Amino acid sequence: GAVVSQHPSWVICKSGTSVKIECRSLDFQATTMFWYRQFPKQSLMLMATSNEGSKATYEQGVEKDKFLINHASLTLSTLTVTSAHPEDSSFYICSAVSGGSSYEQYFGPGTRLTVT
Amino acid sequence: QKEVEQDPGPLSVPEGAIVSLNCTYSNSAFQYFMWYRQYSRKGPELLMYTYSSGNKEDGRFTAQVDKSSKYISLFIRDSQPSDSATYLCAMGGSGYSTLTFGKGTMLLVSP
Chain X
11 GAVVSQHPSW
21 VICKSGTSVK
31 IECRSLDFQA
41 TTMFWYRQFP
51 KQSLMLMATS
61 NEGSKATYEQ
71 GVEKDKFLIN
81 HASLTLSTLT
91 VTSAHPEDSS
101 FYICSAVSGG
111 SSYEQYFGPG
121 TRLTVT
Chain G
42 QKEVEQDPGP
52 LSVPEGAIVS
62 LNCTYSNSAF
72 QYFMWYRQYS
82 RKGPELLMYT
92 YSSGNKEDGR
102 FTAQVDKSSK
112 YISLFIRDSQ
122 PSDSATYLCA
132 MGGSGYSTLT
142 FGKGTMLLVS
152 P
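Quick note, the sequences are listed as chains X and G, same order. Per this note's numbering, the very first residue in the first sequence carries number 11; after that it's consecutive. Per this note's numbering, the very first residue in the second sequence carries number 42; after that it's consecutive.
The reader is advised that the hints may include incorrect statements.
[As the list claims (entries may be wrong)] Below, a list of computed lysine-lysine pairs in the DSBU-like style, where the Cα atoms sit at most 35 Å apart:
1) Lys108(G) to Lys76(X)
2) Lys144(G) to Lys30(X)
3) Lys83(G) to Lys51(X)
Hints listed in this document are in silico derivations from the structure and should not be mistaken for laboratory results. Just so it is clear, the structure is predicted and the values come from calculations on it, not from any experiment.
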């Protein structure tokens, strides 16, 4: 149980374009999902907390107008990287909370974004 | 001082060895402690979830929490090459709605 999927797993886009990444909880409902980015050999950096039906909460330093998050249903959250630049190239990972504790997070397989 | 400290490794051991992975932390508010395993280019996988102090065992894995020392450990018995991955500790607590992660320790188990 507690399976989280992400789509796409890998995407290449040109500088200036926008990319949408989907995060789905497959066998449970998730009122809260998190979005992280991870650079090579670095730990996870929390970008934002996504709650179903409300606006996302962004971490300090994360541009909310650049990284648009929509948690449209209890099983789907999307991250849109707008006007992507090469420095946005990274590994983006979502997680979803199953059950009552917000600490028991289950992660998706990640999306590798390369901006050329 | 960072909130969570974790030696990045790599830690290299032969197959069958007992592995000890550790994290230290500074925030006494942390009460929930997790260990995640992350294979290269994959998302983290939750291995162990412990609340407060004590030990928890699951198969070849044992998690220990010593809140008095602000020190947590993950032991892997009879390590296998398939255990080769990066192990991340993570913590949460009252007043924190999100997890704080360590940087991860890379483990290499050679056959």
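These are the hints, each one checked on the structure:
{"no.": "1", "hint": "Lys108(G) to Lys76(X)", "verdict": "40 Å, violated"}
{"no.": "2", "hint": "Lys144(G) to Lys30(X)", "verdict": "27 Å, holds"}
{"no.": "3", "hint": "Lys83(G) to Lys51(X)", "verdict": "13 Å, holds"}
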